[in-house]
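Enquirer: The lines below spell out each chain.
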Amino acid sequence: MTLRLDGSVNLGAFTLKCEIASENEIIAITGSNGVGKTTLLRVLAGLVKLTSGALVIDDQIIDDAETDEFVPAHQRNVSMVFQNETLLPFLTVRDNIAFPLRMSGVNRNRSHEIAQKAISSHGISNLANLLPRDLSGGQSQRVALIRAFIGAPKIVLLDEPLSALDENARPELRNFLREQLSAVVGYKFFVTHDRQDVEKICDREIHLN
Amino acid sequence: MTKRRPISRPPVFIFVGAILGVIYICLPLVSLLRKISWGSLLSQLTDGPTLSALRLSLVTSVAATVLALILGLPLAWVLARVAFRGSYLVRAFVMLPMVLPPVVGGVALLAAYGKSNGLLGALLFDSFGVQLTFSPIGVVIAEAFVALPFLVMAVEGGLRAIDSRYEELASTMGANEAKKFYLVTLRLLRPSLVAGIAVAWARALGEFGATITFAGNIQGRTQTTPLAVYLLLESDPQAAYSLSFVLLVVCVLVLISMRDRWLGSKR
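Chains as they are written, first to last, in this note's numbering: chain A, 1 to 209; chain B, 210 to 476.
So here's chain A without its partners, still in its complex pose (with noise of 0.2 Å):
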C-alpha cells in the first residue's frame, strides 16, 4: 500500500516540484507560505492536473500527464478540509454531515442516522440543526472535521484546519484529529505551520521548500 508523487504543477509564475512517497501514516506539510503547500493537497484531492510526471496509487495510476489518463475528484475517495469555510452555507450541520454519504449512495434516512450518531457522540446535539452562519469558528471546524472521517475516506487532506482556531479549543480538537486519523487506514496528508500539530498529531514531517 503506497503512494507515490513524483512530478510538478504549473500554475502561471508558480511551479511546486515534489517526490512523495507515504504508506500509511499521518505526514505533516510544513513549509513557509506561498511554497505549494495547499497546491499539493489539491494535486492530491484531484482539483488539479500535474502537468509533468505522475500520482499513482495501489500500483493504480490516478493522474498521469504523459498519458492524460486522470481519475476525478469525485472518484478519489479523498476527504478535504480548508482552513474556514468547509461547511456548505446552506445545509445544516446535520445535513452537512450527511453529504458525503449521500453523495456515496446510503439513502436519505441512513445517512441522517449515521450522521445524527456522529453529532450525538461528539456532544453537539443541539448544532444538529442549524446553518453554518449561526456556527462559531470553532464549532465548524469541529463540524467539518466530524464531516471529514464519516465516509471512511481513503486519502485525507487537511488544510491548517486548527489555524483559524484560538488556542484554547485546539489541545481537545487535537487529541480528536490523532484519534480519527489514526483510525484511518490511508493517506493523511495535514498542512501546519503550528509545531504542536506536527509532534502531536503527526508521524512524519515534510518540508516543501
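Take these hints with a grain of salt, some might be off.
Said to hold, decoys possible - PhoX-like mimics (lysine-lysine), calculated; alpha carbons at most 25 Å apart, straight line: (1) B:K388 with A:K49; (2) A:K154 with B:K388; (3) A:K154 with A:K49; (4) A:K154 with A:K17; (5) A:K17 with A:K49; (6) A:K117 with A:K154.
What the hints contain is simulated information worked out from the structure, not anything from laboratory work.
Use these hints to put chain B onto chain A, whose structure you have.
Expert: Only chain B this time, still in chain A's reference frame:
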C-alpha cells in the same frame, strides 16, 4: 460591510436636483392612479378583449421566461466560467437587445423568422408549413429576445460571485459534475436565478415594439396587454388606464421582491 455615509449636508443644487428627479418619475405614476375609476376597475379588466389580452400576456410572458431560462442559463455559465477568445464579443451581442430599439429587434426577427423571406422562417414554412410570425409563438419569440439579456446578466453575475471552494469541496465529498451542479451550484445561485427570472419576466410582460413588429396586433391571438393598452387609449381610455395599472402593480411587486438586491437593505 456597509460604506460610511458622509454626514455633511449636500449642496442645495444637489438636493433640488434629487427632489426633481423623484418628482419626474413619480408624477406620471401618481397621475395614472388618479385616472383610474376604482369602482369599475374589475369589470373593465374582465371585459372580453381586455381579459384575453391579460391572459395572452400571462401565458406568453411565462413561456418567454422559460425559453430565456433554457437558453440563458447555459449562456451565462459559458460567459462566466469558460475562458475563450472573443467572449467579450459574444457578451456584447447577447446584451444588445437590452439597448437595441425594440422595433429594430422586431425587424431583425422578421428577417430571421419571417415566413416568406426569413433566413430560417422561409425554410420552416416551406418544409413544415410552420409560421412563427403573427402567431402566439411569435409573441413568445419576440418577448424572449428582449428578456434574455436581463436573465443572462443576473445569472452571470451570480455565477461569478459564487465561491468556487464550495463546488470543489462537493467534488472531494464525492459529488460528480451533475450532482455538484444541482446540489451546490444551483443552490448557491438561487438568489441570482430568482432575480434574473423575475426581471426577465417583467421585461417580457411589458414588451411592445418587437412584439407588434414581429407578431402583429391581432386581438385574441397576438395582442398582449401593452398592445391592448395602446389601442384602448383611443377607443376606451378608462380601460387603458386600468390595464396600465395592472402592469404597474406587477412591476412594483417584482421590484419589491428584489429589494435586497437592487434597493439595498436598510442596514
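Enquirer: Next step is simple, just say for each hint if it's right about the structure.
Expert: Now for the hints, and whether the structure bears them out:
For the given pair, B:K388 sits about 21 Å from A:K49 by alpha-carbon distance, which is consistent with the 25 Å threshold. For a cut-off of 25 Å, the pair hint linking A:K154 to B:K388 stands: about 21 Å separates their Cα positions. Straight-line distance between C-alpha atoms of A:K154 and A:K49 comes to about 19 Å, which keeps the hinted pair within the 25 Å bound. Restraint check for A:K154 and A:K17: satisfied, since their Cα atoms lie roughly 24 Å apart, inside the 25 Å limit.
Of the supplied pair hints, the one linking A:K17 and A:K49 holds, its CA atoms being roughly 13 Å apart against a limit of 25 Å. For the hint pairing A:K117 with A:K154, the CA-to-CA distance comes to about 22 Å; that is within 25 Å, so the pair holds.
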